[in-house]
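Mapping of the sequence shown onto the working numbering: residues 7 to 272, in sequence order.
In short, the hints are calculated from the structure, not lab data. Treat each hint with caution, since some may be false.
[As the list claims (entries may be wrong)] Listed next, with one range per pair, are the computed distances between beta-carbon atoms: (1) Arg-43 with Leu-153: 37 to 43 angstroms; (2) Ser-187 with Pro-267: 40 to 46 angstroms; (3) Arg-43 with Gly-108: 42 to 48 angstroms.
Backbone N, C-alpha and C define an ideal beta-carbon position, used for all residues, glycine too.
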Amino acid sequence: MGLVDDYRTDGAVILRGVITPAEIELLSVGIDAVIDRPSPRAKVASASDDPGFFLEDFTTWREHREFGEFLRSTQLPEIAASLTGSQTIGLYHDHVLVKLAGTRQRTPWHQDQPYYDVEGFQNVSFWIPVDPVLVEDSLELIAGSHLGPWLMPRSFLDQQAQWFPEGSLVEMPNFEKERESHRILQWAMEPGDVIAFHMLTVHGAPGVSSTNSRRVFSLRVLGDDMVYSPRDWVTSPDMSVMFAGQEERVSGQPLRGEWFPQLWPR
Numbered sequence: 007m008g009l010v011d012d013y014r015t016d017g018a019v020i021l022r023g024v025i026t027p028a029e030i031e032l033l034s035v036g037i038d039a040v041i042d043r044p045s046p047r048a049k050v051a052s053a054s055d056d057p058g059f060f061l062e063d064f065t066t067w068r069e070h071r072e073f074g075e076f077l078r079s080t081q082l083p084e085i086a087a088s089l090t091g092s093q094t095i096g097l098y099h100d101h102v103l104v105k106l107a108g109t110r111q112r113t114p115w116h117q118d119q120p121y122y123d124v125e126g127f128q129n130v131s132f133w134i135p136v137d138p139v140l141v142e143d144s145l146e147l148i149a150g151s152h153l154g155p156w157l158m159p160r161s162f163l164d165q166q167a168q169w170f171p172e173g174s175l176v177e178m179p180n181f182e183k184e185r186e187s188h189r190i191l192q193w194a195m196e197p198g199d200v201i202a203f204h205m206l207t208v209h210g211a212p213g214v215s216s217t218n219s220r221r222v223f224s225l226r227v228l229g230d231d232m233v234y235s236p237r238d239w240v241t242s243p244d245m246s247v248m249f250a251g252q253e254e255r256v257s258g259q260p261l262r263g264e265w266f267p268q269l270w271p272r
């Protein structure tokens with residue numbers, strides 16, 4: 007099968023060499039700036055006794071010139087249109103994920119979309135490392151899980167249900183104990199390679215066993231059928247900063263505007 011069929015069947019594909027050296031440099035410089043100067047939205051997702059460090063930061067593309075330049079140059083929005091069959095692709099948000107060398111904190115199995123305030127099916131999350139990634143340190147994805155139910159989102163460190171009320175969604179299966187029962191996608195990666203996956207694809211990531219840090223820029227994009235769906239709780243990331251001072255968002259309408267520019271067609 008081709009990439010489009012694989013994406014629709016498995017909910018994830020590997021894209022080899024789709025980021026140029028110049029774009030890798032832009033992302034690398036931008037990520038290092040985030041490490042040096044995290045935004046107020048940043049979170050430390052590793053315990054205090056972890057020998058490494060796991061940093062997340064969100065919606066930083068307007069604060070770091072390099073990320074804005076990347077959004078204007080990358081071919082990923084066009085690829086997203088092909089994968090989803092969408093006529094347009096808009097930005098939802100960016101997400102910086104950094105695990106320094108030796109970080110043991112695992113990113114638990116989860117889906118992205120239950121943390122968000124959007125509904126629909128035409129979407130892509132791009133996972134873009136700027137460092138070489140050993141296969142055993144790489145993102146893991148449960149093939150075909152995007153076609154199943156929404157699963158309960160929980161906070162990474164203390165596993166609290168901070169979003170949907172307890173019991174309102176199916177609990178996340180124990181994929182660690184059931185690994186042999188699932189087809190788990192995982193790839194070694196070089197700078198320039200990208201994993202594209204659906205926001206409902208269950209995924210997780212190990213710590214970093216190598217002497218190299220794992221710096222990742224993740225890009226979340228929305229296709230034609232993705233619409234705003236307000237929540238009664240703070241989403242992750244907290245989107246209120248992007249709505250402040252703007253016209254009221256209407257449930258069921260596409261997210262477009264200053265914080266959510268159209269990326270394709272340009």
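Checked hints:
no.	hint	verdict
1	Arg-43 with Leu-153: 37 to 43 angstroms	holds (40 angstroms)
2	Ser-187 with Pro-267: 40 to 46 angstroms	holds (42 angstroms)
3	Arg-43 with Gly-108: 42 to 48 angstroms	violated (23 angstroms)
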